[in-house]
Amino acid sequence: MQTLKQSLASKKFTITAEICPPKGTDVSDFIKKARLLKNKIAAANVTDNQRAVMRLSSLACSVLLLKEGIDPVFQMTCRDRNRIAMQSDIMGAWTLGVKNILALSGDHVSFGDHRDAKAVFDIDSVQLVQVISKLNNGTNMKDTPLKGGTDFFIGAVVAPEAEPGEPELIKFEKKIEAGTRFFQTQAIYNMNQFHKFYEYAKKFDVQILAGILLLKSAKMAHFLNNNVPGVTVPKHLIDEIEKAPDQLAKGVEIAARQVKELKTFCDGAHIMAIGQEESVPAIIEMAG
Amino acid sequence: MIITKQKDFFKILEYLKGRNNIYLFGCDSCAEQCETGGDKEVKAMAYLLKNEGKKITGFSIPAETCYSMLVKKYFREDKDMIENADAFLVLACGAGVKAVADAVGDGKPVFPALDSLYLANVTRYGHFFEGCSLCGDCVLGETGGICPHTQCPKGLLNGPCGGMVNGKCEVNMENDCAWIVIYRRLKAQGRLGILKRIAPPKDYSNSVKPRTVVVESRMKNK
Ligand code: SF4
Ligand code: SF4
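Chains as they are written, first to last, in this note's numbering: chain A, 1 to 288; chain B, 1 to 222.
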């Protein structure tokens with residue numbers, strides 16, 4: 001099995017995709033989707049209670065992917081655990097064979113299905129990257145030596161289309177300083193703007209996987225715009241999908257078009273299909 | 001100022017079920033300004049409870065009900081206060097409820113009529129904004145006087161999250177993203193360098209509860 005790190009090091013265009021854990025313990029659909037993506041992508045991200053909706057743990061699902069021969073990217077948010085639990089789970093993931101981790105803040109609990117929950121946010125995503133770097137160096141975040149550390153390939157998220165952009169770029173640089181080796185971006189729509197961001201980002205020793213979001217339908221695009229933090233699908237794309245006789249086919253076509261364009265300059269793409277993982281192979285094929 | 005909000009009246013009635021003689025406490029400080037525990041609200045509560053068949057044995061509105069010593073004085077001055085009541089209902093913040101409960105002692109129950117919400121700035125007359133959450137490790141010196149621990153619902157310390165859209169907060173699009181406000185202010189002050197340094201995790205060791213401070217110079221009979 002080639003790992004994400006190896007794939008990116010080989011300089012070939014690297015594709016990752018996101019798989020959402022099930023709500024419950026029946027993992028048959030999750031495994032089915034994983035098998036569909038096997039050998040088509042370099043690694044699969046496992047989301048961590050995305051949108052603050054409680055699901056099967058990203059750690060457990062990462063291990064399930066390993067058993068299927070897929071390199072998992074274990075996503076960890078700062079929303080649900082304090083610094084003690086986080087370090088403990090990160091080391092746990094390492095002992096179970098997980099090699100990649102993606103640090104993110106996490107959507108606020110007020111979006112999810114447990115709105116009465118306490119939002120933890122004991123540390124933030126930059127500090128989380130720092131913590132993982134320390135574990136990689138064999139100490140915990142208090143600099144106490146560990147009997148065996150980790151050696152994670154550390155990833156984080158960046159929003160190249162954030163407006164205003166400067167504070168986001170300052171945070172991006174802090175994530176690099178903290179030890180981030182690769183970035184998966186939030187969904188991108190403006191290729192010219194992304195290209196500029198990419199040129200700037202390549203001044204640093206990091207790999208960039210551009211986020212591509214599959215739009216299943218115009219209705220879904222509207223839903224995302226209204227309910228998912230940080231997602232703003234531009235109107236011209238929604239119109240293009242609305243007019244199509246087969247909206248899903250159109251969404252796949254648009255995603256493939258974006259991936260194809262990325263292939264001309266970027267390190268890779270990260271496809272977020274949000275429940276429509278079975279369409280990912282078609283996107284990859286169509287992108288050539 | 002401490003912001004309070006009245007509990008559901010049915011919840012209050014549930015507390016007072018089977019207790020017919022009620023003594024009321026208000027507070028002439030914060031709760032008066034939020035219109036939850038001043039003279040007007042205490043009298044309105046008395047009226048509502050009388051309609052429910054309760055007898056109001058009396059009421060007091062101390063200048064500051066969180067001032068435990070002051071509240072104790074009321075009890076010393078009215079020896080029968082405890083005797084005559086089956087229960088006490090307090091229209092003040094949690095600290096006010098505690099002051100009354102401590103003064104009453106173990107014999108009779110004391111109930112809160114309000115929920116205590118937050119420490120506020122009075123931004124305009126009648127407008128109360130949560131600006132500090134008393135974390136015990138103040139970072140305002142690095143954030144242009146804007147509290148990321150309070151104005152950012154996630155309490156992030158290193159800049160905006162991915163949910164920020166056009167300077168607004170993902171949790172409530174009516175609100176400015178705290179980090180954009182901080183960024184603009186530090187930029188205007190030529191202090192963006194602070195934002196470029198990684199802020200360390202917050203030190204929560206100063207917020208182990210309950211916290212107690214003794215100001216020696218203010219102690220009488222030292
Ligand atoms: S950092 Fe914020 S919550 Fe903490 S003391 Fe300062 S203003 Fe208050
Ligand atoms: S949008 Fe800004 S204020 Fe709102 S949670 Fe994110 S960082 Fe905090």
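The hints are simulated quantities; they were obtained by calculation from the structure and are not laboratory data. Some clues are possibly wrong.
[Stated by the list, open to error] Some chain B residues judged to face chain A by a derived CB distance under 8 Å, without partners named:
| no. | residue |
| --- | --- |
| 1 | Gly162 |
| 2 | Glu170 |
| 3 | Met173 |
Positions of the beta carbon are idealized from the N, C-alpha and C atoms, including for glycine.
Against the structure, the hints come out as follows:
A distance limit of 8 Å between C-beta atoms decides the matter here; for Gly162 (chain B) the minimum to chain A is near 4 Å, and the interface restraint holds. Residue-level restraint check for Glu170 (chain B) holds (minimum Cβ-Cβ distance to chain A is 4 Å; threshold 8 Å). At a threshold of 8 Å, the smallest CB-CB gap from Met173 (chain B) to chain A is about 10 Å, leaving the interface hint violated.
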